[in-house]
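Can you build the whole structure from these sequences, using the hints too?
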Amino acid sequence: MSFEDDDFVEDDEMNMIDEDEAASDSEAESLSDSDEEITEKLAEPTKTAVYNRDGLLDKLQDISWPEDIDWTHKLTVEIEQGQQAAVDVNDDLAREMAFYTQALVGTRQAFEKLQEMGLPFLRPGDYYAEMVKSDTHMEKVKSKLLYEKRQMEEAEERRKARDNKKMAKEVQSQKMKERAKQKKDEIESVKKWRKQRQQSGFSEKGAGELDLEFGNGKSFQRGGGGGKKRPGVSPGDRSGGKGKTASRMNNKKREFRDSKFGHGGRKGLSKQNTAETTNDFKGGFRGGKAGGNKRQKR
Amino acid sequence: MGKKRKHSETEQAAPLKKDDSAPERPKRTLLGWKDKAQDAEEPKQPAPEFRNKEKVLVTCSRRISFRYRHLMLNIVSLLPHCKKDSKVEAKSSKGATLNELVELKGSSSCLFFECRKHKDLYLWMVKSPSGPSVKFLVNAVHTMEELKLTGNHLKGSRPLLTFSSNFDKDVHWKLLKEMLTQVFGIPKEHRKSKPYHDHVFAFSIVDDHIWFRNYQISVPHNEADKVARGGLDKMTLVEVGPRFCLNPIKIFGGSFGGPTLYENPFYVSPNQIRALEKRNKAGKFAKKIKAKTRKKMHELSNPLEPDEFADMWKDDE
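Sequences listed follow chains B and A, in order. Here full-length UniProt numbering is used: position 244 in the first sequence is 244, and no number is missing along the way. Here full-length UniProt numbering is used: position 68 in the second sequence is 68, and no number is missing along the way.
Chain B is nowhere near these chain A residues, computed Cβ spacing over 10 Å in every case:
hint : residue
1    : R62
2    : R69
3    : H70
4    : E114
5    : K117
6    : K287
7    : A291
8    : K296
9    : E299
Pulled a few chain A residues facing chain B out of the computed Cβ check, cut under 8 Å:
hint : residue
10   : K127
11   : L147
12   : N152
FYI, nobody ran anything at the bench for these hints, they're computed from the structure. No residue lacks a Cβ here, since even glycine has one placed at the ideal position from N, Cα and C.
Structure, rendered in structure tokens:
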């Protein structure tokens with residue numbers, strides 16, 4: 001909503017200018033006869049504004065409805081505003097909350113009154129009538145809400161995946177280090193055993209002292225623990241593996257645009273000399289946009 | 001012509017309808033179910049029976065921009081007791097022409113959207129025969145078509161009007177409140193009005209502006225005339241729109257003119273704001289030139305001492 005910013009800035013400036021600008025404007029010249037001229041709380045001392053209280057009261061008497069009519073004609077509720085001064089105009093959230101609470105409190109009071117009167121005021125579930133916004137519009141609203149929800153979920157997933165990947169990387173590096181250490185240890189122990197045997201003169205009874213664990217066959221598998229899970233990726237590949245991310249993004253954009261504006265049609269193949277067109281006298285299917293008067297945006 | 005007589009006919013028929021004891025099946029019309037209970041409600045008052053015969057004429061000036069036109073169309077859809085008329089020429093003495101138009105259409109009030117310079121929207125709210133008229137400057141317009149305003153309600157259902165308490169603090173606010181009630185409140189047994197109350201208008205005064213919001217009421221309920229226990233606490237409001245902010249400029253005694261009864265002392269016209277901005281910006285270049293000449297004068301009057309080392313590196317090229 002790009003217009004919102006402009007309008008609020010304008011409001012701000014109006015207030016600032018009232019206080020700062022010394023030159024008075026021509027709005028101050030009162031049009032014509034007025035019984036009393038009271039200078040209301042003015043920003044500048046030079047301005048005089050018309051405020052004809054008696055006239056206003058007279059007009060109010062003229063137009064208002066009689067006092068004793070039923071409340072159901074007017075349906076007005078007045079809401080006390082406790083902390084009205086605290087609502088800053090420029091704080092959007094607080095202002096909207098104030099309006100919301102005002103409407104909520106008002107509706108509660110009104111509903112209580114209506115309930116006392118015993119009038120039906122709630123729409124039954126099977127009452128179908130014309131709504132102020134069309135169904136197509138509500139579809140658009142719904143799709144936008146779903147889209148936003150999906151975006152948020154995808155962002156969450158992506159973040160989690162990134163964290164998991166970091167974790168996984170750490171875990172993997174740990175494992176690699178462990179394996180390297182183990183390998184070293186085993187080699188060391190073999191060397192030590194050989195030395196021992198040498199020292200003890202190749203006697204046969206030293207054979208049982210070899211302490212290797214042959215039960216753990218995993219360490220001798222090719223390509224590191226568990227085998228390569230992604231054989232298509234070469235070891236030196238740093239791009240993160242398969243799946244060209246760039247073209248995937250463009251594809252999504254293209255799909256969205258196609259769904260909104262329609263498929264543009266094949267690039268240059270509308271008039272080619274192919275097998276089908278050779279045998280086709282008088283021209284058959286003339287390509288994608290054979291729809292007559294098809295305007296793009298209706 | 002036949003339609004105009006229908007009101008008096010229903011008026012005579014209404015006392016007969018009061019005798020229905022059992023609720024009949026609601027009559028089916030093209031637009032929905034017409035509940036008989038709505039017709040049976042008649043204000044029980046002393047002698048003068050009050051009928052709200054408010055009719056609002058909604059027009060705009062030519063060269064109105066799209067956003068404001070959509071706002072006007074939104075308001076037309078919100079008020080079933082209004083009649084939309086074609087665009088009015090700008091330069092004609094608009095007081096006389098519009099007064100005639102209002103009388104011709106037989107309406108009792110008028111909402112005239114005047115768009116100036118394709119940028120500013122002024123709204124005139126006028127009570128017809130001799131009533132007061134108010135000129136507002138409209139800001140912060142958001143129409144119902146914005147996808148962020150997700151609520152929806154019956155077209156033509158009568159709204160509940162809520163006003164903040166500072167409408168009673170001063171005379172001109174009281175007058176505005178009365179006018180807003182009469183214009184935005186749908187007459188009770190209007191032909192095109194729908195029976196249930198499922199939306200609420202909120203008018204509040206913040207910073208001497210009138211803010212308008214329209215919310216849809218959603219409350220869990222099973223019956224049409226009773227809210228479930230504790231249901232009132234679960235009531236939520238969803239904004240339907242449109243949204244706008246009115247800044248009262250002047251209140252006149254007559255329609256579209258007449259003696260000024262009230263003038264807003266804080267009002268600065270948008271033209272002046274723009275002029276001020278331009279003047280501030282215009283000053284920049286002049287200031288720059290002045291600064292340059294000042295610098296030259298300063299340099300002339302205080303010559304620098306000759307620098308001994310200035311020529312040191314010159315020979316090295």
